[in-house]
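Asks: With the hints as a guide, dock the two chains, each given alone in a separate frame, to form the complex.
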Amino acid sequence: MRSDLFLIICLIVAGVVFAAAVLLGNDYYFFAGYVVLQYVVLSTAWNILGGYCGYVNFGSAAFFALGAYAAVAVHRFNPLPIPVLVLIGGVVSGIVGFGMGYLTLRLRGAFFAIATLALAVVLQTLVVNWEYVGGSRGAYIVRPEAIAPLGSYIRYLFLIMLLLAVGAITAARLIERSRLGYGFATIRDDELAAEASGVPTLRLKLIATTISGALMGMAGAPLPYYIGFLQPSSAFGLDYAVNSIAMPLIGGTTSWVGPLIGAVLLGSLQQIATVTISSAVNLLIVGFLLVGFVIIAPNGIIGLVHRYIRHQPDKLVGRRHVNIDAPGSTR
Amino acid sequence: MYSCSGPGWGMIFSFDLLVNAIFSGILIGAFYAAVTAGVSLSFGILDVVNIAHPAFIILGSYIAYVINARLGLDPILASIIVTPGFYVLGAGIYQIYYASFEKRGQESLRGLAFFFGLLFITEVSLVLYFGVDYRYVEAAYIGPTWHLGAVDIPLRVLVPCVVSLLLIAALQLLLTRTFVGRAIMAVAQDQLALKLMAVDPIRIKRIAFGISIATASLAGAFLIIIQPVEPSVGREYIGRVFAICVLGGMGSLPGTLIAAMLIGIVESVTSTFYGPSWAPAVSFGFLLLTLAVRPAGLLGR
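Chains as they are written, first to last, in my numbering: chain Z, 1 to 331; chain D, 1 to 301.
Please keep in mind that the hints were generated in silico from the structure rather than gathered at the bench. Just so you know, these numbers come straight off a predicted model, no measurement behind them. Glycine included, each C-beta is placed from N, C-alpha and C at the ideal position. Be aware that a few hints might be false.
With a straight-line Cα cutoff of 25 Å, these simulated DMTMM-like cross-link-like pairs (lysine to aspartate or glutamate) come out [stated by the list, open to error]:
no.: 1; chain 1: D; residue 1: K195; chain 2: D; residue 2: D133
no.: 2; chain 1: D; residue 1: K195; chain 2: D; residue 2: D47
no.: 3; chain 1: D; residue 1: K103; chain 2: D; residue 2: D16
no.: 4; chain 1: D; residue 1: K103; chain 2: D; residue 2: D200
no.: 5; chain 1: D; residue 1: K103; chain 2: Z; residue 2: D239
no.: 6; chain 1: D; residue 1: K103; chain 2: D; residue 2: E236
no.: 7; chain 1: D; residue 1: K103; chain 2: Z; residue 2: D190
no.: 8; chain 1: D; residue 1: K103; chain 2: Z; residue 2: E191
The calculated label-pair distances, taken between Cβ atoms and stated as ranges, are [claimed, not checked]:
no.: 9; chain 1: D; residue 1: Y141; chain 2: Z; residue 2: L304; range: 30 to 36 Å
no.: 10; chain 1: Z; residue 1: L304; chain 2: D; residue 2: V180; range: 38 to 44 Å
no.: 11; chain 1: Z; residue 1: G228; chain 2: D; residue 2: A292; range: 34 to 40 Å
no.: 12; chain 1: D; residue 1: E236; chain 2: Z; residue 2: G151; range: 14 to 20 Å
no.: 13; chain 1: Z; residue 1: E195; chain 2: D; residue 2: G143; range: 57 to 63 Å
no.: 14; chain 1: Z; residue 1: L174; chain 2: D; residue 2: T176; range: 51 to 57 Å
no.: 15; chain 1: Z; residue 1: I95; chain 2: D; residue 2: P276; range: 28 to 34 Å
no.: 16; chain 1: Z; residue 1: S136; chain 2: D; residue 2: V162; range: 42 to 48 Å
no.: 17; chain 1: Z; residue 1: A297; chain 2: D; residue 2: R203; range: 37 to 43 Å
no.: 18; chain 1: D; residue 1: V293; chain 2: Z; residue 2: E195; range: 38 to 44 Å
no.: 19; chain 1: D; residue 1: A292; chain 2: Z; residue 2: F229; range: 34 to 40 Å
no.: 20; chain 1: Z; residue 1: F288; chain 2: D; residue 2: Q189; range: 33 to 39 Å
Pulled out of the complex, with its shape left as it was, chain D reads as follows (with noise of 0.2 Å):
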């Protein structure tokens, strides 16, 4: 009744492919971490539900593409180089959603229809400009890869995945040692009380949501650096990060890591035993799993 054409289907069970399968799925976890990362900010901090976070970090895999092809650019620099771009679209775009539903107070309906059709016109805009071939970039470190007795690392996934962990660490002391961090924390708690500290809210969760988008841009670098990219990956990455991100107790960037790398464990586990058709299902299981048993996540405040 089922498919039984994954690799590794029927093969006896192989310690060498676990212990691959667990390290493959630690280096994707970081990527995912730093995917995540963004929606950490703005849904688990801001609680602005941005479901096109995703489509976003298409975009910035687009541009990182675009870059790279034209300029011969690093695709990790050109898109450090986009970041301010794409902080003051995160900026603008938290106005709107501000000036018109926050506001308002009809952020829940409307406001997720708006982010949606953000996701759609995002999406629809690349295949019709890009069409829906893959695409993928050219950097020395895509190819090669370093083994280590059993294990296997290609250093396509290795880069990423160092430059998540910096960034992921970047963003916490961000968070944790700077004044906009900690007022970015604060609003989250409470607004009025930072009203009073004389700093404007609106102002703070408008950097906030910049930072958010501006980490889009990174991430979607590193996606087309480990895999070919076309307009409708982004859709897969949407039920993964908000999994991620509610597993990991919304919000907290540690959190995040372990959560990240809790399900890119399962997952590549269950790619490398059962086949790669049966992979996106296990995140979204791992998110109705923790919607239903535990919804405030791993190491949720």
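The following block holds chain Z by itself, in its conformation from the complex (with noise of 0.2 Å):
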């Protein structure tokens, strides 16, 4: 399917998702909603270093929580609208992913992952110190009760974040199927191969960093608007580290229908267990979830999926005699 194509798909059921929302008349799905759709964001964000190149990054909150204290540090500067800010965010969160790889990707995968946990400290000790968005003791933001055609403006919010997980999902799948990609892929499975084949692996993997930051940049800084109270504690909460790593890997890493799926399903099985039970046991549960599919389904659903398939191949696909799994194939 041409890209151009699937971002038109993708925009109708996203319009068909906010109709339906508006129609349900409760200002709730709207709530609940945002957050799904910043974890679609997240994950997919994650899943382009993570899931493509195999580096796993732990700081996905450091790059989230830059986004939101950008928007906060302009808003107190000269409040501007929020597309502005998401950009903004996104240019922040970018650069700073761009300059963390810059220190940290000549080494291997491990210290890479650490060297992300230790940023997010670093991060977030600076935010502590930073009076001017409000320290530890955090940042009101105001917004406003309304805005003109849409009425409350969740619904504003809401709108935004569903046209970022649009733009998110639509640049996974570009970057999926273009030859980045396919660079992105040699890193994965052999970088030392790669890099003996003339893939420029350096380069590749600032490029990855720099957009997965980015990304993630972009859904945080709507947040001080979401939330209306911004605190270094919880706009680098681990629970957005731990979701943002889940979700792709219960999906499955290989391709961008993965985090969508993961972020989808974990996203409202978490809104439904806060309302339910409690926000402490949710929590508990991504953590099972996470170690349970790892071990016992490291593909994650999609990789189910396929197994699912690939074993009644005659049933559901009818091209047995292409599949190159089956059994009999060189493989």
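Replies: Structure (structure tokens):
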């Protein structure tokens, strides 16, 4: 499918989602849906580096919070429309992503992962000590009650996040099918062999950290307007980091579909669990699902589906002769 | 623009203050070495990136707290008693890790996610069971302070420091003088050669990982003696522990001790002269710098 066609289909789906949320007539769905969509963006962004290149980023929360705090800083100076803030958040987090990649990507994967954890704490320390954006006490953002054509403000935020999710998914799919994506895949499979074959691995990895960081920053920028009161401990919360890793791994990391499935399933599950049980218990569920999935279903839900289709090739697909993983093939 | 509320800010540079900061840095550094010893074993020697180690340390703190509160036992003694439990936990975790990731050659991405999940589960479980209040232990040496000239030595830091040094010495003896210890060092160098000597490398790694987690029990007790503990305190230690491990040269215990004291001193001086809210950034700054400039560490092989 061509990418512009894909984008149009995505936009139609997004339009249907928005119309459905409006028809339900309860603003709660916008509040809950916003969080789910935010996770769609975060997990898609994580997957561009983690799933495509195989580099684990534990610092998602830092990039996300950086976007949010960039928005707060700009808001204090001079309030701008949220789409502009989203761009600013993306630029700031993208630059930090590039810098972090430059410092650490020449190292083995595990060191990179640890360095991202360290980066999260360094950035949190900086924000805690930065009085202009509220320091450790946090910052209040008074959001307008309503906005002209949409009614309540949360609908506006929801719409922005919806468009961001569409943008992130389209970008991920585009990368996946381009030269860039194949380059990423060679890094994931065997970095040394890729380097030896002339793949510019460092440059590709820097592109991946920059795109991934920028998308996370964009997802974070509307956050201050959503929660109204931004604190370092909540913006840098470990649950963002865990969710943005758990969702792609549970969905499946090799394509754009995985993070989407993971985020929608796990995000909705958490929204339901928060309302019906408690927010601490739902985090425990995420932890157990993450550990369970990486042990039992290493390729996530996508992998399970593939395996199911492969076991019943005649019934479902009917093209066993082209299936390279079928018994009897040379593989 | 930046906070100016730290103690000592604007104060005239004082020699006494500096000496005090260095001394407390050395004391706290020995404790950091005990915290890092487990990671030096698992990450440095076995190449298992156990980022959940600090979470197990907090678990150790809470177990020491429960035993201390219910039975009135000394926290260090309590932690030594539960060491075998931690050893079994560690051996079990390694067995799962080996069967699910190492054997299939998937340890990089999914193994990391596995340990991250364990970290998260441990922390959230502690929050659910104990809440987010700070907990502390009772012991005779918590409270009094020795004064040696201008230097103050609080016993609550001195006692964990001494026991930490004993722990590091014991581990070093174990690694260099016993058969199992030498086998652990050998497994890091050449697994196949070990197999040819009729030693099961998986068994050796399981033992080593068990020992690594067992040290978390002791380090947990030290932590809750030095400061009150709540479940998310462990996160501060993730970067610090790996910073020390990398700086010390991955798996060298003497290197770990030197690096730990170095970071302890720098942190303590920073927090004396610039305010404690800046201290966490120090070790992470160190880590990023080490990774960028000299990934082999101080005493790297």
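Asks: Would you pick out the hints that fail for this structure and give their numbers low to high?
Replies: 1, 3, 5, 6, 9, 12, 16, 17 and 18
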